Each structure stands twice: as C-alpha cells, then as structure tokens.
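Engineer: Sequence:
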Amino acid sequence: MNENEKIDADELLDEMEDRLREMIEDAVSEALDDQLESVVTCAVQDAIEDLLSPKRYTYVLSPDKSKMLRCRGGLRVDGTCLMIQAGTTCWRDIAVYPGREEAIQALEKVKNAMLAHMEIIEL
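So the sequence shown is numbered by our numbering: it starts at 1 and just counts up by one.
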C-alpha cells in the first residue's frame, strides 16, 4: 500500500459520525411527524365526536380533589394506579392506591357510576 492509498482514520470517523447523525435526525424527525399526526388526528376526532354526538360522559373526581377527568369510556388498573381514558388515545392517572385491590375497587365504583349514567363520581 503506498502513501496515497492510506486511509485517514480521523476523516473516516468524521464521515461515519456525519452519516450516523443524519440517520438519527431523520429517524427522530419521522417519529415526531408520526406522533404529531396521531395527536392532531385524535384531537380532531374527539372534537368532531363532541360536536356531533349527544353522548354523556362521567366525570371522575380524584380522592384528594385535585383532579377531575372526563372518562371517555375506558378504565384500567396499572399496578396500583387507576387510569382514565381522557381522549381517544389519552390515558391519565386519576389516583394511586396502596394496593392493586383498592385500585380495582375504585375501577368498579367508576364503572357502576358510568352504567348508572351519573354525571360525576367522587372517589
């Protein structure tokens, strides 16, 4: 190998770094675009549904009275936390309980309030 054919390691590393940076920037940009599109689509769907449907929602007041969320129909227990579906793809925690069983009992309470068409339920 003569001197003209030697590989410049620093130049090669710089080129690899530039390519990697471009790949990461492209991937992040694409992921953000997808996420933004999803959020906007869901917000528009929620707004249209709210305008066109006479659907009643149950509002859930947290045990410490610091949050009141509109339940769009979904409830779930995540560990010891009761989660409320606040939007099409938006889940928010309403309360954390000492144990899973207490969280499940709270879920049952909200479920029964929803089935009874109650407007507000206090946990």
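It is worth saying that the hints were derived from the structure and are not from the lab. Given the structure is predicted, the values throughout are model-derived calculations rather than measurements. Just so you know, not all the hints are guaranteed correct.
Cross-link-like lysine-lysine pairs, in silico, PhoX-like; alpha carbons within 20 Å at most [as the list claims (entries may be wrong)]:
#1 K55 to K111
#2 K67 to K111
#3 K65 to K109
#4 K111 to K65
#5 K67 to K109
Quick list of the computed label-pair ranges, beta carbon to beta carbon [stated by the list, open to error]:
#6 E122 to D46: 44 to 50 Å
#7 L32 to C81: 26 to 32 Å
#8 A116 to D46: 48 to 54 Å
#9 R92 to A47: 17 to 23 Å
#10 I104 to V28: 17 to 23 Å
#11 G79 to E22: 48 to 54 Å
#12 D8 to A43: 47 to 53 Å
#13 N112 to P54: 19 to 25 Å
Built from N, CA and C at the ideal position, the CB exists for glycine as well.
Engineer: Does each hint hold? Answer for all of them.
Structural biologist: Hint by hint, here is what the structure shows:
1. Straight-line distance between C-alpha atoms of K55 and K111 comes to about 16 Å, which keeps the hinted pair within the 20 Å bound.
2. For a cut-off of 20 Å, the pair hint linking K67 to K111 stands: about 18 Å separates their Cα positions.
3. Between K65 and K109 the CA atoms are separated by roughly 16 Å; this keeps the pair inside 20 Å, and the hint holds.
4. Distance restraint check for K111 and K65: the Cα-Cα separation of roughly 19 Å lies within the 20 Å cut-off, and the hinted pair is therefore satisfied.
5. Of the pairs offered as hints, the one joining K67 and K109 holds, with about 17 Å between alpha carbons and a cut-off of 20 Å not exceeded.
6. Our hint of 44 to 50 Å for E122 and D46 is violated, since their Cβ atoms are close to 25 Å apart.
7. Between L32 and C81 the beta carbon distance is about 28 Å. The supplied range of 26 to 32 Å therefore holds.
8. Between A116 and D46 the Cβ separation comes to about 24 Å, which falls outside the hinted range of 48 to 54 Å.
9. Checking the proposed 17 to 23 Å range against R92 and A47 shows it holds: the Cβ atoms sit about 18 Å from each other.
10. A beta carbon spacing of about 39 Å between I104 and V28 contradicts the range 17 to 23 Å that was offered as a hint.
11. Checked against the hint of 48 to 54 Å, the C-beta distance between G79 and E22 comes to roughly 40 Å, which is inconsistent with it.
12. Here the CB-CB span from D8 to A43 is close to 51 Å, well matched to the stated 47 to 53 Å.
13. About 22 Å separates the C-beta atoms of N112 and P54, a value consistent with the hinted range of 19 to 25 Å.
Going down the numbered hints, you'll see the structure goes against 6, 8, 10, 11, while the others check out.
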